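Student: Here is how the chains run, residue by residue.
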Amino acid sequence: MEQLINELKEKIIDTLDLIDITPEDFKEDDPLVGGKLGIDSIDILELAMMIDKEYGIKIDNKELGQKVFSTLRTLAEHIHKNRKG
Amino acid sequence: MKGDRVFITGMGIVSSLGSGVQEHYDSLRNNRSGIKPLTLFPLSEGNRHPAGEITGFEWDRSVPRTHGLALAAAKEALSGRNTVPDAVIIGTTTGGMALTEELLRKGEKRPDCYRYHSTSSVAEYCAAALRCPGLIVTVTNACSSGSAAIKLALELLRTGKATCVLAGGADSLCRLTYYGFNSLQLIDPEGSRPLDRSRRGMSVAEGSAMVLLEASASAPEGAIAEVLGGGLSCDAHHPATPHPEGAGALAAMGRAIKDAGTASSGIEYINLHGTGTKDNDLAEAAAIRALFGGAVPPLSSIKGATGHSLAAAGAIEAVVCSMVIRDGFIPGNTGCTDPDPELKVSPVLKALDKKTGTVLSNSFGFGGNNACLVLGDPAAPRKTRPHGTAAVFEILGGACVTGAGDLARTIASLQEGKNCGGTLPLPDISKNLPAREVRRLKRLPRLALALALDARNAASQDPASIFFGTAWGPLSETYDFLTKLYESDEQFTSPTDFVGSVHNAPAGQIAIWLKATGANITATGGDYSFEQSLFAASLAAGSGETLLVMGADEHHEELSPLFDGSVRAGKDPADGGGALILKKTESPAGPCIAPLFFENYAASPGAIASLVRSLGGADGINATCAAVFAGMPGGEKASCRKQLDEFLDATGYTGPVIDYRALLGEFGTVTAAAAAVAAQCAKEGMVPAALASGAALQLRGKRLLMVGLGSFVTAMEITA
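Taken in order, these protein sequences are the chains called H and X.
Using the working numbering, the first residue of the first sequence is number 1, and each one after it goes up by one.
Using the working numbering, the first residue of the second sequence is number 1, and each one after it goes up by one.
Read the hints as simulated data drawn from the structure, not as lab findings.
Treat the hints with caution; some may be incorrect.
Here are the computed lysine-lysine pairs in the DSSO-like style, where the Cα-Cα straight-line distance is at most 30 Å [claimed, not checked]:
id	chain 1	residue 1	chain 2	residue 2
1	H	9	H	84
2	X	350	H	58
3	X	431	H	36
4	X	515	X	278
5	X	431	H	9
6	X	484	H	62
7	H	11	X	484
8	X	515	H	62
9	X	278	H	53
10	H	67	X	344
11	H	11	X	431
12	X	278	H	58
13	X	109	X	637
14	H	36	X	278
15	H	67	X	278
16	X	36	X	350
17	H	67	X	484
18	X	344	X	354
19	H	62	X	36
20	X	571	X	109
21	H	53	X	515
22	X	484	H	9
23	X	484	H	81
24	H	62	X	278
25	X	484	H	58
26	H	53	X	106
27	H	11	H	67
28	X	571	X	642
29	X	484	H	84
30	X	383	H	62
31	H	81	X	278
32	H	36	X	515
33	X	484	H	53
34	X	106	X	36
Here are the simulated distance ranges between beta carbons [what the hints assert, rightly or not]:
id	chain 1	residue 1	chain 2	residue 2	range
35	H	19	X	75	49 to 55 Å
36	X	115	H	74	48 to 54 Å
37	H	61	X	572	44 to 50 Å
38	X	683	H	36	39 to 45 Å
39	X	61	H	3	53 to 59 Å
40	H	40	X	589	40 to 46 Å
From a predicted model like this one, the values you see are computed outputs, not experimental measurements.
Every residue gets a Cβ at the ideal spot worked out from N, C-alpha and C, and that includes glycine.
Construct the complete structure from the given sequences, taking the supplied hints into account.
Tutor: In structure tokens:
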């Protein structure tokens, strides 16, 4: 799980061009949206696309998205639970 | 006396419900829906959602589908009459995209195949077919384009400068919008169910509607409805999500109702924007409750029947509202069976008979762009309204970006006799923009923001409304969106790029930054985009208002040479733009700019003679004009030179003629950069020696004429 969380930090920074954010700035249990990272609803959709592409997991509606993208940890747990193999 | 009231005297419509007014009447009366599985192009696995496709639509395949839809509606609106409209104002967001995206996927490199790509080509195609000699404006305001186009036409007719205008909107289905909305999770997999408790989004659709608008003191024979008013606003909140309380929607509805000379109590039916997305319907209902309080009139959305046809939607709904007035019925909110109690408004679920005199039609779009119209019974007696007073635009400040840099650097380079054409590196464009806040913005929105902020700083005033011209829109976002889509076999793409690809996204960004909640219009008129945005400003800006009028284009390595003949003719890639902060006033205290002339050369071969006459004839021009800034697009250089010679012959004018494209670069909105340079000359009271063919030229109260040549002949003046 720790490894997945670290991997996600890198992928999120890369996907969203968070140029002035380092992996250390991410706190696993902080809200992903609306915090100091500056992530908003369009970014979440961009991340949903990335999660589908990288892990083969669809997060294709707002209700599910709100739960899964609550924090970095909830996202990692969702991927861990649903990824194949 | 003409020009007092504006009537719809002809209308045409094509949507997933059918072709023509009669088929729409039948479909709407019987609560039919046109939403069904999409067949126009194959969809990838897992992404197959229903859409509002027009099955069996036939058109001249030498043009893209949008063009065919627009012309079909235009022809029905004219219904065999020989009327030639004085102006054509059409909203479209995709233009030739349905064809372009197929060509790009095939790797087609022949520029000629892309000649109908631009959004402007839709209105130009219709104007050519109808032989319209006058003003053409293409409005690219996302999903409020069609209504905004009708609002501009209404204002043009109110000035008395036109008596008959064709206005409307058109968009065909294409992969860009289908997969774009899909990536935003805004498509309802079960088909759109506006206002329903279980709604999950829209159904992307296609269509077109056009209205023939005529100015007259009383209802002419055959008048179907009267356009009583229109209101524009911008949320200035978010690129793709409406303001949660519907603040922008509320402002636009309020302005439309006020413009119509009525009150909310005078509205008897509301045709909702009602897309079926969670957020839109919530925000729209909140705005309606705020405006109408406990007296909400009957309301419904027809987008569960037609789907959401983007730029066409507002025009389609204006036609439907005209049918509501003429035929005495209210269409049902097809698709909704269990109204969402959270909305606290109750839609009319099934079509019903009801005589209705005054209706409000709502259209809202990306970029926070809102446009509302009020239509009424043409037979009702009304007070006529006087023509507006002749206000002018005082220039409070200007900015430009060229290959040389900002306005100061551009003028310094010009003074040294240097060519300023080029593409400024992205970090230079972004140097005053906070890195984190622009991380998602690519080249065009950064250019636009940099220009807007520079102009605002030069003027020390914030604009309320924004008029943005762009020939090609955000090319980087469009290219990146399609590239990602195709690379993944249409499985993945970027929602960020889709939101950014919308032509009015840069103007929406500026509105957010400057908190500009007034009108927000993006005009996409090819090489005449800046002129169109200034004309739009002259129609939509309120008296005493401060506004931003600007133009910008980006150079894209792949797309610019494919799309733009002048880019191919130019020596080096170039881009940039210009911006002016203006104040609409009756008593200017400094230099002013005014749009003077706009004719379609193909339908008006005497346009140069007509231009000379309108500028006061040879004597008038020679007595008042210090210098001519001539816009001669490189792709049409030979015909431009011929037109210029005709102008010089007709006037005997011997002053300086500044071929600004040769100095500032070949790109669509270089005219905006030239206008900023000319405005600076007016402010300083002189044209530098390097521009004025030898010696510095004192203006001594004379004006600078900006003349656009080529497919369109245009004129603007800048007075000291």
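Student: Kindly indicate which numbered hints from before are broken by the structure, ordering the numbers from low to high.
Tutor: 2, 21 and 30
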